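S.K.: Quick mapping for you: the protein sequence lines, in order, are chains L and F.
Be aware that the first sequence starts at 1, since it is given in this note's numbering, and climbs by one per residue.
Be aware that the second sequence starts at 1, since it is given in this note's numbering, and climbs by one per residue.
Covered stretches of chain F, going by a simulated chain L footprint (3 or more residues, C-beta under 8 angstroms): (1) 26-36; (2) 79-90; (3) 189-199.
Here are a few chain L residues that face chain F, going by a calculated C-beta distance under 10 angstroms: (4) Val-46; (5) Arg-63; (6) Ala-64; (7) His-70; (8) Asp-72.
Which chain L residues stay away from chain F? Per the calculated CB distances, all over 12 angstroms, these: (9) Ala-22; (10) Asp-81; (11) Phe-83; (12) Pro-163; (13) Ser-208; (14) Asn-308; (15) Trp-360; (16) Pro-375; (17) Phe-395.
By construction, these hints were calculated from the structure, which means they are not laboratory data.
These numbers come from a predicted model, not from an experiment.
Backbone N, C-alpha and C define an ideal beta-carbon position, used for all residues, glycine too.
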Amino acid sequence: MVALAPANQGATIGEPARRRLAGFARTLRDNDFRIGLAESRDALQVLASPAALRPASLKPALRALFCATHSDWERFDEIFDAFWQGQGMRQRQIMSGSPAASRAPGRRLAQAHVPQDALGLPDRVERRRDDDGEISADGRGRRESASRVEALTTADLRHIVDPDEVAATHALAARLARAMRMRLIRREQVRRRGRRLDLRRTIHRNVSHGGTLLELAWRRRKIKPLRLVVLLDASGSMSLYTAFFVRFLHGVLDNFREAEAFIFHTRLAHVSPSLRDRDVTRAVDKLALMAQGIGGGTRIGESLATFNRWHAQRVINSRTAVMIVSDGYDTGEPERLGEEMRRLRRRCRKIIWLNPLIGWRDYSPQARGMQAALPYVDLFAPAHNLESLAALEPFLARI
Amino acid sequence: MTLKREEISDKLAAVGYVADRDIATALWLMEFLKRPLLLEGEAGVGKTEVAKALAAVHQAELIRLQCYEGLDHNAALYEWNYQRQLLAIKTREGVGENADAIEEHIFSEKYLLERPLLAAIRRAHPPVLLVDEVDRADEEFEAFLLELLSDFQVSIPELGTIKAISIPRVVLTSNGTRELSDALRRRCLYHYVDFPDVEREAKIILVRTPGIDTALALQIARMVAAVRKEDLRKVPGVAETLDWAATLAGLEVQDLRQEPEAVHETMICLLKTHEDRARLTRDVSERLLGKVA
Numbered sequence: 001m002v003a004l005a006p007a008n009q010g011a012t013i014g015e016p017a018r019r020r021l022a023g024f025a026r027t028l029r030d031n032d033f034r035i036g037l038a039e040s041r042d043a044l045q046v047l048a049s050p051a052a053l054r055p056a057s058l059k060p061a062l063r064a065l066f067c068a069t070h071s072d073w074e075r076f077d078e079i080f081d082a083f084w085q086g087q088g089m090r091q092r093q094i095m096s097g098s099p100a101a102s103r104a105p106g107r108r109l110a111q112a113h114v115p116q117d118a119l120g121l122p123d124r125v126e127r128r129r130d131d132d133g134e135i136s137a138d139g140r141g142r143r144e145s146a147s148r149v150e151a152l153t154t155a156d157l158r159h160i161v162d163p164d165e166v167a168a169t170h171a172l173a174a175r176l177a178r179a180m181r182m183r184l185i186r187r188e189q190v191r192r193r194g195r196r197l198d199l200r201r202t203i204h205r206n207v208s209h210g211g212t213l214l215e216l217a218w219r220r221r222k223i224k225p226l227r228l229v230v231l232l233d234a235s236g237s238m239s240l241y242t243a244f245f246v247r248f249l250h251g252v253l254d255n256f257r258e259a260e261a262f263i264f265h266t267r268l269a270h271v272s273p274s275l276r277d278r279d280v281t282r283a284v285d286k287l288a289l290m291a292q293g294i295g296g297g298t299r300i301g302e303s304l305a306t307f308n309r310w311h312a313q314r315v316i317n318s319r320t321a322v323m324i325v326s327d328g329y330d331t332g333e334p335e336r337l338g339e340e341m342r343r344l345r346r347r348c349r350k351i352i353w354l355n356p357l358i359g360w361r362d363y364s365p366q367a368r369g370m371q372a373a374l375p376y377v378d379l380f381a382p383a384h385n386l387e388s389l390a391a392l393e394p395f396l397a398r399i
Numbered sequence: 001m002t003l004k005r006e007e008i009s010d011k012l013a014a015v016g017y018v019a020d021r022d023i024a025t026a027l028w029l030m031e032f033l034k035r036p037l038l039l040e041g042e043a044g045v046g047k048t049e050v051a052k053a054l055a056a057v058h059q060a061e062l063i064r065l066q067c068y069e070g071l072d073h074n075a076a077l078y079e080w081n082y083q084r085q086l087l088a089i090k091t092r093e094g095v096g097e098n099a100d101a102i103e104e105h106i107f108s109e110k111y112l113l114e115r116p117l118l119a120a121i122r123r124a125h126p127p128v129l130l131v132d133e134v135d136r137a138d139e140e141f142e143a144f145l146l147e148l149l150s151d152f153q154v155s156i157p158e159l160g161t162i163k164a165i166s167i168p169r170v171v172l173t174s175n176g177t178r179e180l181s182d183a184l185r186r187r188c189l190y191h192y193v194d195f196p197d198v199e200r201e202a203k204i205i206l207v208r209t210p211g212i213d214t215a216l217a218l219q220i221a222r223m224v225a226a227v228r229k230e231d232l233r234k235v236p237g238v239a240e241t242l243d244w245a246a247t248l249a250g251l252e253v254q255d256l257r258q259e260p261e262a263v264h265e266t267m268i269c270l271l272k273t274h275e276d277r278a279r280l281t282r283d284v285s286e287r288l289l290g291k292v293a
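This is chain L alone, in the form it adopts within the complex (with noise of 0.2 angstroms):
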């Protein structure tokens, strides 16, 4: 802590620790840190206070300071030793494994794409409110700003194989789940906007007491919020589209406070929680190694049973939509998968079924296992590319 000598000599600060900072804050910009002057002027104030005296409380002091979420978090210790410890440090320190580090190249491919008003950024929410009376037109507007990667939307998603293109898709997939999160937040806000009072219903009320408004009713909101229930195939057969789903599924779920995902294969799997790491690689990642070791075809039918059985009661109400994402084709018994599916259907409100082989051409469903589940499905639709799954919205939105 060499370097930080001229700080203790009292409260200013000289100029070769003031610049030192500002070489700190840049090193840390450049490791995306998100650093304001604000910032900068804080911890110039940390530096002249008696913090700084002590090195051990000085790094807590600016690690609370500079980060701002928990993958900063992680990586500011080893930022930290690195510049202060290694002696006129200036170059870039990209630190090895950092998650921004191996997600920039597809980041940066998809925002040469799509404008910048398809960010969704949360604090345009309150601004935008006034349109929300013309979603419909607004909503067909987004949606030719993402089809403008025209080639990469309409491609089956099978034959995308360049890792560049694999990486624009998997970050247009997050970014079309984003911007159609944010539509169905705004269909949402207009539903609910205001508390108001219900005055007939007030009046009437209180012709008791003479007229005297006592007791009041209040208009309702009594639309409760849906609940969205995801089963996602992880077979073999299903394996070149997983990838683009889990990240797909990543983002909408988000929009639905209330979700829950299961993988599934020979036996179901409840991974809520990994879908929920803010991480998406990593999340992928924990996805594709629970998909893995259990080989042995499908079987629908028994982690549907085991659905049913052991979390559909906990996770399904009557506004519920169950979304499955397969291929339909079950190694089990089908008249045990048409059992299965008949006795979800009762229970919740909606089943989507999203087959990706519906975009093949010729396709029909010849599978005897999709054959017994169709006649409980609500909504069958294709699922094959980024197109596709962009149709799905007014579906989403009106369930």
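Starting from the structure of chain L, add chain F where the hints point.
M.R.: Only chain F this time, still in chain L's reference frame:
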């Protein structure tokens, strides 16, 4: 009155809060820079406890705003006492007062119901404002909160602008169910609260469970740390650890190794879902016990 960092850590210890190494610095920095503190971490790591301890340290009132989906200004900031207003209208009409005077009267502070955010800026002695689980509120509310945190004044259309009498110390907590806006993050200092390490957890057990043996507390802390490493749906938090420690103390268990039966059976204190219970079979609990004891 700005406390020194050392004073804060001493006082934290005095109020019975077993602090992790860096939290005292973060709390000191809060005072020093007058910024709110954002605490993130998994459920059950003791984020709320930090705010309680902070209130105890400053002998300040703790005002808590629990966020939930659909939380709006009325519930967070203020509400008019409609019933009293209506009554006032009726009675004053009888006396024959004119409409303007009545209106002036019923929209006065007398009829204003304070909700946590308004209460927090209208105290003579600065309180600690805990905005709990801010990630569960809507983005719209988050933007409003941000405005309040930078200006510390609110405007009530019928009454005018109310400025803060004292600036509260603000602690926000988040479980990460939703990504918070960059603006809010940048406004705040940040501290990530992790599960306590074995030593600290043992200390917490000792402080909170009267009459428990030091060796047993350490064993319990090690065992809980091992359970947390298992693949569970709901990782046990510090509160669960304390429940378990109290249970074991109540059963007069002296040494976990001697009583694997009791250990396994009382683990319902730690495992709160059917799946987790099924996953931690007798064999698993004995294996863990063998490792930690």
